[in-house]
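These protein sequences, in sequence, are chains X and U.
All residue numbers for the first sequence refer to my numbering, where the first residue is 1 and numbers rise by one.
All residue numbers for the second sequence refer to my numbering, where the first residue is 1 and numbers rise by one.
It cannot be assumed that every hint is accurate.
To be verified - Quick list of in silico lysine to any residue cross-link-like pairs, SDA-like style, CA-CA up to 20 Å:
hint, chain 1, residue 1, chain 2, residue 2
1, X, Lys44, U, Ala96
2, X, Lys71, X, Lys44
3, X, Lys44, U, Ala85
4, X, Lys44, U, Arg106
5, X, Lys44, U, Ser24
6, U, Lys69, U, Arg106
7, X, Lys51, U, Gln97
8, X, Lys44, U, Arg94
9, X, Lys27, U, His45
10, U, Lys26, X, Gly59
11, X, Lys44, U, Lys69
12, X, Lys44, U, Arg41
13, X, Lys44, U, Ala93
Stated by the list, open to error - Covered by chain U, per the in silico footprint, the following chain X stretches (three or more residues, Cβ under 8 Å):
hint, stretch
14, 14 to 20
15, 64 to 78
No lab work stands behind these hints: they were computed from the structure.
Built from N, CA and C at the ideal position, the CB exists for glycine as well.
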Amino acid sequence: NAGVMQNPRHLVRRRGQEARLRCSPMKGHSHVYWYRQLPEEGLKFMVYLQKENIIDESGMPKERFSAEFPKEGPSILRIQQVVRGDSAAYFCASYIGGAGINEQFFGPGTRLTVL
Amino acid sequence: SQQGEEDPQALSIQEGENATMNCSYKTSINNLQWYRQNSGRGLVHLILIRSNEREKHSGRLRVTLDTSKKSSSLLITASRAADTASYFCATDARGAQKLVFGQGTRLTINP
Chain X
1 NAGVMQNPRH LVRRRGQEAR LRCSPMKGHS HVYWYRQLPE EGLKFMVYLQ KENIIDESGM
61 PKERFSAEFP KEGPSILRIQ QVVRGDSAAY FCASYIGGAG INEQFFGPGT RLTVL
Chain U
1 SQQGEEDPQA LSIQEGENAT MNCSYKTSIN NLQWYRQNSG RGLVHLILIR SNEREKHSGR
61 LRVTLDTSKK SSSLLITASR AADTASYFCA TDARGAQKLV FGQGTRLTIN P
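Excised from the complex, chain U in its bound form (with noise of 0.2 Å):
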């Protein structure tokens, strides 16, 4: 089945405007890690959230976790042209060795 299903698929907003991508994933996990994955180029991490922890920030980014529901959600306030980005998250799952991927949610930042 599939883990770590990001939605919308595709976001398209003014710059300024806050940004919120949604993850659902479906077993119990350790962690989950959002990355963003700029047009042709690797994988820049940017945050790690705990399976103990509800929410974290970086910067303008911030991270929300509810294992109840097995959703986590990535806000990013302010945004910026050079924000224009996929982005994924990806669990680490218990027993599991390896980070399982969702599809993606590819942020379009209109100047």
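So here's chain X without its partners, still in its complex pose (with noise of 0.2 Å):
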């Protein structure tokens, strides 16, 4: 049972571009979460979706960030227009679902620079 998998590890984008960032969730689960951590800082919450829903994006840029969850395939973090700031770390977690303990299963991330 393969974990949570996120690519790329490491992305490079010049101001302007966009960024797509994917996270295939571990079998079975159907939440998703992303994370975004600043260099030096902790993980700071950004999205959560479930299947083709989401469910709490209070986290999220009100410009320029958005996120998907399909039916198929990976969820989807899109930044368009990206400045410097948006350099960090990117983290998907994933989570089975249902009443009890919200264990959340982390990528490895993707390491977004732009330059």
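Both chains are sitting in their own frames, so use the hints and assemble them into the complex.
Structure follows, in structure tokens:
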């Protein structure tokens, strides 16, 4: 049973370009979270999705950022017109769902560098 | 408000000594989790303690939880150089469906 997979692991973009980050949750998990980690800081919640639905996007910047988790395929975090301040590590976590402990399993992260 | 604040921010000890890190939080929680992150890497889940538990052990790790003080501690006994990493607490707040992380404690074990 493969863990949470993220790709690419490293992504370099120039200011103004688009960044697309992918996350494949663990098999059987239908809940995905995205977190951002700035250098020397903890992780900050961005968005929580279930299949085809955004449940909580309270941590997402209002502009340029969007996320989706389609019925088929990975979850995508999309950043349009990237700026240097978007440089960070972006982590995805998956959760099986249902009642009980919200135990999230984290992927290895995508490190975005904006030049 | 910041949830899950760790202290100290940085801790440097000699190999073989014990390391203690603390975490404070502000709201009622379902559980509290500790993670380790090696430099430039992803998060490794260490241990989860539920709100109705007071202490939990896993190998050289001991976690305590005091819900009256809204605080937790992580103790690593007989530290090793490989324990050098950042350690984060994360709370699963009641009514929320996300983890809230603290800023982390950077632990350095000197050989």
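Hint check results:
| no. | hint | verdict |
| --- | --- | --- |
| 1 | X/Lys44 <-> U/Ala96 | 14 Å, holds |
| 2 | X/Lys71 <-> X/Lys44 | 26 Å, violated |
| 3 | X/Lys44 <-> U/Ala85 | 19 Å, holds |
| 4 | X/Lys44 <-> U/Arg106 | 18 Å, holds |
| 5 | X/Lys44 <-> U/Ser24 | 17 Å, holds |
| 6 | U/Lys69 <-> U/Arg106 | 23 Å, violated |
| 7 | X/Lys51 <-> U/Gln97 | 15 Å, holds |
| 8 | X/Lys44 <-> U/Arg94 | 18 Å, holds |
| 9 | X/Lys27 <-> U/His45 | 18 Å, holds |
| 10 | U/Lys26 <-> X/Gly59 | 18 Å, holds |
| 11 | X/Lys44 <-> U/Lys69 | 24 Å, violated |
| 12 | X/Lys44 <-> U/Arg41 | 16 Å, holds |
| 13 | X/Lys44 <-> U/Ala93 | 14 Å, holds |
| 14 | 14 to 20 | violated (count 0) |
| 15 | 64 to 78 | violated (count 0) |
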